[in-house]
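Chains as they are written, first to last, in the numbering used here: chain Z, 1 to 261; chain E, 262 to 449.
One or more hints might be untrue.
Residues of chain E placed beyond 12 Å of chain Z at every Cβ, according to the derived structure [to be verified]:
| no. | residue |
| --- | --- |
| 1 | Leu301 |
| 2 | Asp303 |
| 3 | Gly306 |
| 4 | Arg307 |
| 5 | Pro318 |
| 6 | Lys344 |
| 7 | Ala352 |
| 8 | Arg373 |
| 9 | Cys380 |
| 10 | Arg383 |
| 11 | Ala400 |
| 12 | Ser409 |
| 13 | Ala429 |
| 14 | Ala440 |
| 15 | Val449 |
Each computed EDC-like pair below joins lysine to aspartate or glutamate, with the alpha-carbon atoms no more than 16 Å apart [what the hints assert, rightly or not]:
| no. | chain 1 | residue 1 | chain 2 | residue 2 |
| --- | --- | --- | --- | --- |
| 16 | E | Lys355 | E | Asp381 |
| 17 | E | Lys355 | E | Asp292 |
| 18 | E | Lys396 | Z | Glu120 |
| 19 | E | Lys444 | E | Glu350 |
| 20 | E | Lys396 | Z | Asp243 |
| 21 | E | Lys444 | E | Asp423 |
Derived from the structure by calculation, the hints contain no laboratory data. Backbone N, C-alpha and C define an ideal beta-carbon position, used for all residues, glycine too.
Residue-level listing of the chains:
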Amino acid sequence: MRCSIPPWPALLVCSASVWAAGDYVAVPGGRFESALPQGPVSSISTPVAIAPFQLRAEPVTNAEFLAFVRSHSDWQRGRTPALFADARYLLDWKAPLQPGAADAAPVVNVSWFAARAFCESEGARLPTWLEWEYAAAADETRQDARRDPRWRQRILSWYARPGNTPLAAVGGAANRFGVQDLHGLVWEWVDDFNALFIAGDSRTQGDPDLLKFCGAGAISVIDRDSYAVLMRIALLSSLAAADSTGNLGFRCARSVDGDLP
Amino acid sequence: MSRFQMSRRQSLQWLGLAFATSAMATELPGDSVYQLRVPLTDQHGRPFDWASLRGQPVLASMFYSSCDKVCPMIFETLHLTLKALPARERAPVKVLMISFDPTRDTVPVLQRTAQAHACDERWTLARTDEASTRKIAAALGVQYRRLSNGEFNHSSTLLMLDLQGRIAAHSGSLGSVDAALLKALHHV
Chain Z
1 MRCSIPPWPA LLVCSASVWA AGDYVAVPGG RFESALPQGP VSSISTPVAI APFQLRAEPV
61 TNAEFLAFVR SHSDWQRGRT PALFADARYL LDWKAPLQPG AADAAPVVNV SWFAARAFCE
121 SEGARLPTWL EWEYAAAADE TRQDARRDPR WRQRILSWYA RPGNTPLAAV GGAANRFGVQ
181 DLHGLVWEWV DDFNALFIAG DSRTQGDPDL LKFCGAGAIS VIDRDSYAVL MRIALLSSLA
241 AADSTGNLGF RCARSVDGDL P
Chain E
262 MSRFQMSRRQ SLQWLGLAFA TSAMATELPG DSVYQLRVPL TDQHGRPFDW ASLRGQPVLA
322 SMFYSSCDKV CPMIFETLHL TLKALPARER APVKVLMISF DPTRDTVPVL QRTAQAHACD
382 ERWTLARTDE ASTRKIAAAL GVQYRRLSNG EFNHSSTLLM LDLQGRIAAH SGSLGSVDAA
442 LLKALHHV
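Model the full structure from these sequences, guided by the hints.
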């Protein structure tokens, strides 16, 4: 077992190959500047405190989701009410108990409700957007690599890849937090996917559409250069909770105090 | 009271019970929002199951009490919508308002909010836990986020739920009556 001691004490980060799926890594808290404004003034960045949390090292795989639907038959394809999963739910599976791709590939075509139910079944929840964005800002050595143009380019090159190639198995390189595959494999649900609504510059003050949103009105994006993050936000904010798509999977998180959000 | 009247009343009660049981036994449609089981509490502190609204047309929306901008307009627009209905159509309509803010919208706060917006017994102002709030918003297609100052951003969505709890119409327009909601209520 190859492990290394990172700068923060008492947290062991092990290399990708030794993590069994379903393992959680401890992500230390910190101050974080999100690409989405967090304060009442939507054009001004408000750094927020991220509480320490635990995050699944890898996305949930087909094999893990199969075990879940075996023990929770309500979530098998064809048995789930339309409110919770659309007609594409697990559509790539050969049969309700037979994944269509490799066991170790990330499960996709799962709705938000289904992803949430899986996480609840292991005493966890989906990560919040802020937790996901915070964990995904790290590269192998830095906690926040977002300002590095080379890192940005690496992520963007994944988005440029054709979408019709079969998904690889989970188990990519671990980032500084010990989390794998945040970029480069699948899109991922977050708990508050329906909190990310964004609007273009036209929908600002004085626009009649302002009434559609209460409070600070339409949300703009602080860091317009973070294309990769913007694409995530745009995708997630366009989804409904029952939607399933062929490149959208998930991983689970746990609060350190054990509370569910 | 004669024996005959007693037994007649009893048999009516039994009939009513049998009817209610058979209605409940009918399977809930898969796209009914009542598929979601969430522990709700109303403005009187009474726990309730929103599936108990089944069989009645429901106008639904989400809000938070400390909101002073758009939320009062949501209440106002729902009042306008009710007024625009003929009395016969208005009679069975229930209004369900669910809070984004379970931390601050305690039962006494919900009660005060109901009074402030002239909500009679037709209205239910409800709260639940954070996780269930997120699930309800997901089921209703409402977007919301808590800001660092404790306020909320949210979409202002008014929904009409049919007798089975399916979303029959939704509207994002405030301040006037949306024809789509009225039409859906006409067709109940």
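Outcome of the hint check:
E:Leu301, annotated as away from the interface, keeps every beta carbon of chain Z farther than 12 Å; the closest lies near 17 Å. The non-interface label for E:Asp303 is consistent with chain Z: the shortest C-beta to C-beta separation is roughly 22 Å, beyond 12 Å. At roughly 24 Å from the closest C-beta of chain Z, the C-beta of E:Gly306 stays outside 12 Å, upholding its exclusion from the interface. Interface exclusion of E:Arg307 from chain Z stands, the closest Cβ pair being 25 Å apart, more than 12 Å.
At roughly 19 Å from the closest C-beta of chain Z, the C-beta of E:Pro318 stays outside 12 Å, upholding its exclusion from the interface. In this structure E:Lys344 is separated from chain Z by more than 12 Å, as the shortest Cβ-Cβ distance comes to about 20 Å. Taking the minimum C-beta to C-beta distance to chain Z, about 28 Å, the non-interface status of E:Ala352 holds against the 12 Å cut. Taking the minimum C-beta to C-beta distance to chain Z, about 19 Å, the non-interface status of E:Arg373 holds against the 12 Å cut.
The non-interface label for E:Cys380 is consistent with chain Z: the shortest C-beta to C-beta separation is roughly 18 Å, beyond 12 Å. Here E:Arg383 stays apart from chain Z, with its beta-carbon at least about 23 Å from theirs, past the 12 Å limit. Distance to chain Z contradicts E:Ala400 as a non-interface residue, since its nearest Cβ pair spans about 6 Å, not more than 12 Å. E:Ser409, annotated as away from the interface, has a beta carbon of chain Z within 12 Å; the closest lies near 5 Å.
Remark: the non-interface label on E:Ala429 is consistent with the geometry, its nearest Cβ contact in chain Z lying 14 Å away (cut-off 12 Å). Listed as outside the interface, E:Ala440 is consistent with that label: its C-beta sits roughly 17 Å from the nearest C-beta of chain Z, beyond the 12 Å cut-off. The beta carbon of E:Val449 sits about 20 Å from the closest Cβ of chain Z, which is more than 12 Å, so the claim that it is off the interface holds. Restraint check for E:Lys355 and E:Asp381: the C-alpha separation of about 10 Å stays at or below 16 Å, so the hint holds.
Distance check on the hinted pair: E:Lys355 and E:Asp292 sit about 20 Å apart at the alpha-carbon level, beyond 16 Å; violated. Taking the CA atoms of E:Lys396 and Z:Glu120, the gap is near 13 Å; set against the 16 Å cutoff, the hint holds. In summary, the hint linking E:Lys444 to E:Glu350 is supported, as the alpha carbons are separated by about 11 Å, within the 16 Å threshold. Under the criterion of a C-alpha separation no larger than 16 Å, the hint pairing E:Lys396 with Z:Asp243 is consistent with the structure, at around 14 Å.
Between E:Lys444 and E:Asp423 the CA atoms are separated by roughly 12 Å; this keeps the pair inside 16 Å, and the hint holds.
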